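Student: This is what each chain is made of:
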Amino acid sequence: MSFVYQNIYYIGSIGLILIGLYVVLVKRNLIKVIIGLSFLDTGINLLLISVGYVRHGTAPIFSRPGLSPGQMVDPVPQALVLTAIVIGVAVLALALSLAVRLYEHYGTLDLRKIRGLRW
Amino acid sequence: MRKFLALISLAFIAWGVALSLSKAPFGEDKIVVGKHYLEKGTEETGAANIVTSVVVIYRGFDTLGEVTVLFIAALGLGAVLYTRRRSSERIEPSSLVLRTGCRFLFPLILLFGAYIFIHGHLTPGGGFQGGAIVASGFLLIYLGCPERRTQELRLGATESLGGLAFVVLGLVGLAVGGYFLTNFLPKGTFNSLISAGVIPLIYVAIGFKVGSELAGIMGNLMERTK
Numbered sequence: 001m002s003f004v005y006q007n008i009y010y011i012g013s014i015g016l017i018l019i020g021l022y023v024v025l026v027k028r029n030l031i032k033v034i035i036g037l038s039f040l041d042t043g044i045n046l047l048l049i050s051v052g053y054v055r056h057g058t059a060p061i062f063s064r065p066g067l068s069p070g071q072m073v074d075p076v077p078q079a080l081v082l083t084a085i086v087i088g089v090a091v092l093a094l095a096l097s098l099a100v101r102l103y104e105h106y107g108t109l110d111l112r113k114i115r116g117l118r119w
Numbered sequence: 001m002r003k004f005l006a007l008i009s010l011a012f013i014a015w016g017v018a019l020s021l022s023k024a025p026f027g028e029d030k031i032v033v034g035k036h037y038l039e040k041g042t043e044e045t046g047a048a049n050i051v052t053s054v055v056v057i058y059r060g061f062d063t064l065g066e067v068t069v070l071f072i073a074a075l076g077l078g079a080v081l082y083t084r085r086r087s088s089e090r091i092e093p094s095s096l097v098l099r100t101g102c103r104f105l106f107p108l109i110l111l112f113g114a115y116i117f118i119h120g121h122l123t124p125g126g127g128f129q130g131g132a133i134v135a136s137g138f139l140l141i142y143l144g145c146p147e148r149r150t151q152e153l154r155l156g157a158t159e160s161l162g163g164l165a166f167v168v169l170g171l172v173g174l175a176v177g178g179y180f181l182t183n184f185l186p187k188g189t190f191n192s193l194i195s196a197g198v199i200p201l202i203y204v205a206i207g208f209k210v211g212s213e214l215a216g217i218m219g220n221l222m223e224r225t226k
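In the order they appear, the protein sequences are chains A and B.
Once you know that position 48 of the first sequence is 48 in my numbering, the rest is easy, because the numbers rise by one and skip nothing.
Once you know that position 106 of the second sequence is 106 in my numbering, the rest is easy, because the numbers rise by one and skip nothing.
The hints are simulated quantities; they were obtained by calculation from the structure and are not laboratory data.
In this text, all values refer to a predicted model and were calculated from it rather than measured experimentally.
A few of these clues could be false.
Below are the DSS-like pairs computed for lysine-lysine, each with C-alpha atoms no more than 25 Å apart in a straight line [claimed, not checked]:
#1 A:Lys32 <-> B:Lys187
#2 B:Lys187 <-> B:Lys3
#3 A:Lys113 <-> B:Lys187
#4 B:Lys35 <-> A:Lys27
#5 A:Lys113 <-> A:Lys27
#6 B:Lys23 <-> B:Lys35
#7 B:Lys23 <-> B:Lys187
#8 A:Lys113 <-> A:Lys32
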């Protein structure tokens, strides 16, 4: 039980990633696939942040005197995730616009009926 | 069958990720790069927020590439959704309460976004977050007052100016200090608004660029749903 308690952030974020991948692989509605992509994105961001966590650490901001670098979490994964979130929004918007176009062209969002997207 | 194959591949992926994460236990100490940034970051860049100095100074070139990715995504969305505007469509004007609420809240939201991206080197926040807040103000206009269109030409101009300011600041750093995005301005007093050299300037540029870009993306998506 203590293993789960200690690694709850890892377990949760990997769980999110796996749920997202499952949705992308199995679901046949294009909107659901895009929602799965968003799950994947969130899970990866959460995983990166939790890799950079240091126990009992605070945010890496020297906003008041007396804070020492030893009690702060790793700033590098946070900076990476900051950019990854924006990219995630852009990718999501582009995917949704492609879904809009596909719906106009085929009249459906079912991947089985769209030629060229079947697997 | 499909579900079975998916579950098997998921099990493999979970196994691989768990194997690699067992080398990086949760809550352990930082890597060398992060330690260096935390110990030397405030002297080298003058910013109180280390994440900001990593994003803008240490990995500034990466941020420029990332802003470019956002720009290309917005461009692709515009190209995919492009149609001739049907101006004959009548838009139902919204009610008085909604219109007044929008008009009242919109400048406040813009002000809050500007506050977030100007204080990027002092508080949790910065250009990307502030830009997202500014874009949420535009979303309010799109949803609440559909008869008031934002002008896409002006959004595009703001976006280009933001990107241009970023590149020009980087090139001035190249001319003055010898490498791209040098922090060529004086660092000022630590933990005050005018400090950290070029970081606030770059974050203001990024804030304008991200805000107008996201507003443009939302505008394109809203036009199509009419």
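Student: What are the numbers of the hints that this structure violates, sorted from low to high?
Tutor: Hint check: 1, 2, 3, 4, 7 fail, others pass.
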